[in-house]
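Peer 1: So you can see what is in the structure, the chains are spelled out below.
Protein chains: 2
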Amino acid sequence: MTKELVFGHKVPDTDAIVAAKAYAYLQNKKGYDVEAVALGEMNDETKFVLDYFNEKAPRIVETGSNEVNQVMLVDHNEPQQSISDIDKLEVTHVVDHHRISNFDTSVPLFYLAKPYGCTSTILYEEFNRFGIEIPAELAGMMASAIISDTLLLKSPTTTKYDEDALNELVKISKIDDLQEYGIQMLKAGTNVESKSDSDIILGDAKSFNLGSKKVTIGQVNVVDLTDITKRANDLKVAMKSDNDKNSSDLFLLIATNVLDSDSKLIVVGEPKESVEKAFNKSLDENDMMDLPGVVSRKKQVVPPLTDIMN
Amino acid sequence: MTKELVFGHKVPDTDAIVAAKAYAYLQNKKGYDVEAVALGEMNDETKFVLDYFNEKAPRIVETGSNEVNQVMLVDHNEPQQSISDIDKLEVTHVVDHHRISNFDTSVPLFYLAKPYGCTSTILYEEFNRFGIEIPAELAGMMASAIISDTLLLKSPTTTKYDEDALNELVKISKIDDLQEYGIQMLKAGTNVESKSDSDIILGDAKSFNLGSKKVTIGQVNVVDLTDITKRANDLKVAMKSDNDKNSSDLFLLIATNVLDSDSKLIVVGEPKESVEKAFNKSLDENDMMDLPGVVSRKKQVVPPLTDIMN
Numbered sequence: 001m002t003k004e005l006v007f008g009h010k011v012p013d014t015d016a017i018v019a020a021k022a023y024a025y026l027q028n029k030k031g032y033d034v035e036a037v038a039l040g041e042m043n044d045e046t047k048f049v050l051d052y053f054n055e056k057a058p059r060i061v062e063t064g065s066n067e068v069n070q071v072m073l074v075d076h077n078e079p080q081q082s083i084s085d086i087d088k089l090e091v092t093h094v095v096d097h098h099r100i101s102n103f104d105t106s107v108p109l110f111y112l113a114k115p116y117g118c119t120s121t122i123l124y125e126e127f128n129r130f131g132i133e134i135p136a137e138l139a140g141m142m143a144s145a146i147i148s149d150t151l152l153l154k155s156p157t158t159t160k161y162d163e164d165a166l167n168e169l170v171k172i173s174k175i176d177d178l179q180e181y182g183i184q185m186l187k188a189g190t191n192v193e194s195k196s197d198s199d200i201i202l203g204d205a206k207s208f209n210l211g212s213k214k215v216t217i218g219q220v221n222v223v224d225l226t227d228i229t230k231r232a233n234d235l236k237v238a239m240k241s242d243n244d245k246n247s248s249d250l251f252l253l254i255a256t257n258v259l260d261s262d263s264k265l266i267v268v269g270e271p272k273e274s275v276e277k278a279f280n281k282s283l284d285e286n287d288m289m290d291l292p293g294v295v296s297r298k299k300q301v302v303p304p305l306t307d308i309m310n
Numbered sequence: 001m002t003k004e005l006v007f008g009h010k011v012p013d014t015d016a017i018v019a020a021k022a023y024a025y026l027q028n029k030k031g032y033d034v035e036a037v038a039l040g041e042m043n044d045e046t047k048f049v050l051d052y053f054n055e056k057a058p059r060i061v062e063t064g065s066n067e068v069n070q071v072m073l074v075d076h077n078e079p080q081q082s083i084s085d086i087d088k089l090e091v092t093h094v095v096d097h098h099r100i101s102n103f104d105t106s107v108p109l110f111y112l113a114k115p116y117g118c119t120s121t122i123l124y125e126e127f128n129r130f131g132i133e134i135p136a137e138l139a140g141m142m143a144s145a146i147i148s149d150t151l152l153l154k155s156p157t158t159t160k161y162d163e164d165a166l167n168e169l170v171k172i173s174k175i176d177d178l179q180e181y182g183i184q185m186l187k188a189g190t191n192v193e194s195k196s197d198s199d200i201i202l203g204d205a206k207s208f209n210l211g212s213k214k215v216t217i218g219q220v221n222v223v224d225l226t227d228i229t230k231r232a233n234d235l236k237v238a239m240k241s242d243n244d245k246n247s248s249d250l251f252l253l254i255a256t257n258v259l260d261s262d263s264k265l266i267v268v269g270e271p272k273e274s275v276e277k278a279f280n281k282s283l284d285e286n287d288m289m290d291l292p293g294v295v296s297r298k299k300q301v302v303p304p305l306t307d308i309m310n
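First to last, the sequence lines map onto chains W and Y. Note that this note's numbering has the first sequence beginning at 1, numbered continuously upward. Note that this note's numbering has the second sequence beginning at 1, numbered continuously upward.
Don't read these hints as lab results, they were simulated from the structure. In this text the structure is predicted, and so the values were computed from the model without any measurement. It cannot be assumed that every hint is accurate.
[To be verified] From chain W, some residues computed to sit far from chain Y (all C-beta separations above 12 Å): (1) K56; (2) E67; (3) N77; (4) R129; (5) S198; (6) K230; (7) D244; (8) N257; (9) K299.
[As the list claims (entries may be wrong)] Simulated crosslink set (DSS-like; lysine-lysine; CA at most 30 Å straight-line): (10) K114(W) with K3(Y); (11) K174(Y) with K160(W); (12) K88(W) with K299(Y); (13) K30(W) with K299(Y); (14) K206(Y) with K88(W); (15) K114(Y) with K3(W); (16) K114(Y) with K114(W); (17) K10(W) with K30(W).
Even glycine gets a Cβ: it sits at the ideal position worked out from N, Cα and C.
All chains should be built: construct the whole structure from the sequences, respecting the hints.
Peer 2: Written out as structure tokens, the structure reads:
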């Protein structure tokens, strides 16, 4: 069988890296010649995870068609999130937990999507389906991906399947205390002290067209919200500058405390009253707002804002 | 749980009808409230299958949003092949064996595609995965869908999974002799005597843009190719008329003998030399050509023609 590459999305998070490694392991066991690669540098959280389990980082690639004809995608399907020359490659397999959008193939393929909190949960079920044993280190990494995507099962994207998979993977892995390890791991990804204002507002930002307005929504994880609020003025300058540069109307930065699952919202641009209506509360004098219990941009921020602005 | 509809593609074939019934059965066992419906009248082959197993035909619907908010698709995903108001419905599940094209969702969903010869083969594996027993009548219908899609395992789209599933389903069903039943069933779908010229050329026709030309390719199953060749002159008049009506350049009619897996090609329009180059042989004085071993438009006709004309 000819070699294929398997990778997660650009700006990879822990699930994108781990799911690629897990799927490569599974497919190699099934007889495919597959190498897990990454579409960018790992973030601090993922580095912590690989260090902890003494695993190698996947090779970073810019393009695929210079070395293979066929690829497998994990944790994404939309072409703008994928490898730059995806249009020159045949996608043979996809395992994902996102909506399907702009994904087109010319031939039939294997595609498995489930509306779970994490791709690694789907892969855990695939290992079981084929009766393939998960090595302890891989189980630890897959548990870490579930912890990352679900914020230790607290995100509203969490399903009972994620919870079941996490508990089983922890048993297989060498993780002694799930809560202790999970918090240590999540904390590793929250070092904002060393990050520039621009890195904080744009490190995980997505753009949306809501009604007639262009809206940018960034999110940053912390273990202490004052790490963000104490530099709010500087961050607002950076957000205004980004709005001007990209002709964006409104910038929302969601700072999320991964320990207690609360968020603080910082808003720059107009219409601010749409944000107030969406969450049914007022911004304070610094254009900030507490959002207790809010952790998911996809499930808890975009939908109410869409309802008001459309 | 609120009710959902499940259906196969428009102009339903046996797999589209049977896969909807099989998936509804599976999902009802899993606790979903699901009804199998059809997006059109059943063909003669499917009527034979339901009669044989004494099963009811699914209700035919034109639209879905007047009765449900959510639907499940089997044996298709492309919106132009689906229910007319698909854009007003949320797709929660898809089980399919085709390429993925123009399929977009706003939220995550369950999507299972495998590059097999038949959707019912994938569903057979899903029944096994959940440990749900397949009743004898349903097993017989699922076996029939595999026989239909793979022409009794002779089509090049057939995989070992289709073969395994068919053999197991036949054991569960009350089918005594697979070959005898399969030929009887395939013959039931080949009664061209009663069909008009227009029904024969357009009953299973698809349009393609190849290079700068518009090409229509129809296919009709028979048990005796002379059923078609004896009325070739009348069929060519109908094909020319259809080319004129739709500004199409070239019309290929593939008459396929389902018993011996050979086809006869009838060609109307230009460029005829592209057809000759694609199959590396000449058309006879009646613009016809034997294509021994050719049964699949998707795998054996469209690709060589695409290569020549693009």
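Peer 1: None of the hints should be skipped; say for each whether it holds.
Peer 2: Right, here's what the structure says about each hint:
no. : hint                 : verdict
1   : K56                  : 31 Å, holds
2   : E67                  : 23 Å, holds
3   : N77                  : 9 Å, violated
4   : R129                 : 6 Å, violated
5   : S198                 : 30 Å, holds
6   : K230                 : 36 Å, holds
7   : D244                 : 30 Å, holds
8   : N257                 : 25 Å, holds
9   : K299                 : 9 Å, violated
10  : K114(W) with K3(Y)   : 20 Å, holds
11  : K174(Y) with K160(W) : 39 Å, violated
12  : K88(W) with K299(Y)  : 21 Å, holds
13  : K30(W) with K299(Y)  : 26 Å, holds
14  : K206(Y) with K88(W)  : 26 Å, holds
15  : K114(Y) with K3(W)   : 20 Å, holds
16  : K114(Y) with K114(W) : 15 Å, holds
17  : K10(W) with K30(W)   : 27 Å, holds
Hints 3, 4, 9, 11 from the earlier list are contradicted by this structure; the remaining hints agree with it.
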